[in-house]
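**Q** Now for the letters of each chain:
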Amino acid sequence: MNSIVAIELGTNAVRIFAFDLMGNIIGFAKGHYPTFHEGPDNSEQDPEQVFITMLYVLKNLLNDTLYPQKCVVGCICFSGSMHSLLTVDKDGVPLGNVITWADNRGKETAVELKESELGRTIYEATGTPIHPMSSMVKIAWLRNNDPDRFKKTSKYLPVKSYILQQLTGSCIIDYSIASATGLMNIHSLTWDDTALEFAGISAGKLPQLVPVFYSEAKLKKEYQKALRLQPDVKIIIGSSDGCLATLGAGVWEEGKATITIEDSGAFRVIGDKIIKDHNKQIFNYLLTKEHIVSGGPTNSGGVIFEWFTKRFGDFKKAFDIDHSMGNLIREAAEVTVGSDGLLFLPYLLGERAPIWNANAKGCYFGINIRHERKHFIRATIEGILYEMYSIGKTLENHRAIDSLSVNGSFASIPFCTQIIADIFNKPVSTVSHGDTIGAGAFLLSATEMGMYKNLREASNTIKMHQIFLPNANDHAIYRQYFTVFESLIEKIGGEFDAISNLQNLK
Amino acid sequence: MNQLLLQQETSKELADFPHIKEFAYKKNTTIQLNSFNVGLMDGIGIYYVLEGKHNWVIGSTEHTLYPGDIAVILPGENFGGKNNILNIGSLMWVRLDVHSRKQLIGDWSQLTKKERHSLEQILSVNKDLLVLNIKEAQPLFFELKHELQHAEVGFSTRVAQLLDHLFIIICRQLIRQNHSRRDFPTTFLRLEQTLRQNLARQWTVEEMAAFAGMGTTAFTEKVKNYSGFSPLNYLINLRITEAIKLLKRGEVNVTDIALAIGFYSSQHFSTTFKKLTGYTPSEFRKNNLTFNQQQ
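Here the protein sequences come in this chain order: X and G. Residue 14 in our numbering sits at position 14 of the first sequence; the count goes up by one each step and never skips. One gets our numbering by counting positions in the second sequence from 1 and adding 506 to each.
Pulled out of the complex, with its shape left as it was, chain X reads as follows (with noise of 0.2 Å):
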């Protein structure tokens, strides 16, 4: 039997996905590695403990579950997270550890920058809004902090290069981890002078630039032969993790986005226009030439809701973080919509759209002598969801949106998938399949060997779940709710940054 082998470099684990020709799941194997803050903003990751652990991952899975089932791995496609960045020696040395979406050193960098003319110009022929976690701003940050790494530094990487540098041989990138790192003019499909100009490098610092579907690094012999691969297996570049979630999800269709809730979160369309927000808060991120993922990250996501289990969930029984977060979601569910007239502001981490304000903070809002543990259970759930919505209506200025579905680990809450429906007034499925990025590796590996005509054709083979219809009084009930977190938000916007002095002082 022939498979297709998916390995998903994620930002806090290598999950590995073995599908058959058919699109089904025969095999999963994850390993984790950690993230090390040495410093509020910093977030780092040890680029070979992640290559390591993704060998280890591909050799169990290939061991322990492809090779009993006599599976032949036809290919395997690769997947990353956005925003990593990786400085390597002329040797191709790593010159310390892969520096993560989440790392804000270059915060103030990036204000600068945003507020600039320069800015705008960079955006516009980038995509990538204007902020820490972008390559460009990384980079800049780096020339101003770290000289000396910055002289030493040969090429800049995102891990999934970097992986495939060791693994191959070859130094690449794919158009659509390029389009987030903010240095690459997504109208050319080059590097951008200007954003090149502004971080201070040239254009032979950064990998060769790709398509997704490039299949022309060939696996070492060394590792074909520990792995017991064969010698014609193809690799596939792959696409970035936020892109291929949104191929995986369905939603190829006008009116269709898509909603992902992990550890952080993003609202997600598809289309082959870019949007062209004059507010630069919309992301446009490739996933080939012709088609383009637009949307808006948030911080806000299921972190948040973690953060509120850790600290105010029942532990005395239960051991597990999800046991917790279970008995939890059954408290939200007996109070009634809108958590009577508590309101949660979710920015426990910053944020990134619709505001994009690192400083921005959380908030309880309207607590009376009635409430109890469980309003504030429903509150914070509605809270992340309400900071979701406000990127769907943002994205909603410039397409019309008619239905959504929503992936992650909120995609398996019925309760929070139908207060996403009711708050969005708008029908709301769930995949069949569990990972939507998985799935989407799957389907561009299956494009690339011709077994669908184009991207949009494989998308469209992807079945829905369960689908549920928004409630109308309670859409209402949510609005009024809605329309007191936009103006609240608006409000104290210079109590965020009072208050993120204060914390910073200690």
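The hints are simulated quantities; they were obtained by calculation from the structure and are not laboratory data. There are no misleading hints in this set.
The calculated SDA-like cross-link candidates involving lysine to any residue, where the alpha carbons are at most 25 Å apart (straight line), are:
1) K59(X) to E727(G)
2) K730(G) to N60(X)
3) K751(G) to T35(X)
4) K728(G) to R696(G)
Given the coordinates of chain X, assemble chain G onto it according to the supplied hints.
**A** Below, chain G alone, put in the same frame as chain X:
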């Protein structure tokens, strides 16, 4: 209350307890220079603060202790007052003889061998974190004092029980303080950092589990669920990760790398490395350092 200083060989109260080198209750009303010099701990010392604010050097770190705090000083650790002075306040302590640096709890203990081993591991892998707030230690110290002074029937057993009790509450508090059961990822990250700092050590699953404050079965299951690896495979993962970095630096020879990261021999390292990567360590180094030519 009267102060007390019982010392082995000079105090008849300790005649039946050769493992207790010293037991003391001290009230310090004035600060005197050179009254508490920093020196190496002989045996294991457990110090409990009753009153006052105390600045002590333990190991290579300075700590400030307040009433209710307990400090455990392991054999060979530096210990004494900052600037060699004992601050105003009152303290109780007990110093115990040890068989070796690994066997911290002697045969006087009534704990099972397995329990003793487990407590010793918890203390040794957490040696940088052995200042804790344990208010319930106070009655134990006072009862210990009473038993040693009054030698009532059964006092010998009672003293052993109290010392065992003291070790148990210290280890339990250490686990509770360092590892929240609701946040395994944080515990795991701490373990990962400790492993990375001590890769040459021959870690056992029992030692890793003790660090996380769990039994080996629960720990193994938790690690597998969380990381996708068994604890020992995770450790090998870290060792190979470090090996790759050292190989790429190209300065250290392969045998030295093998020993530095905890493999028994360069052959053991080479076999494990090749199994995963397809390269011997030397081939990997050669391949990597010709990166430029391949481009």
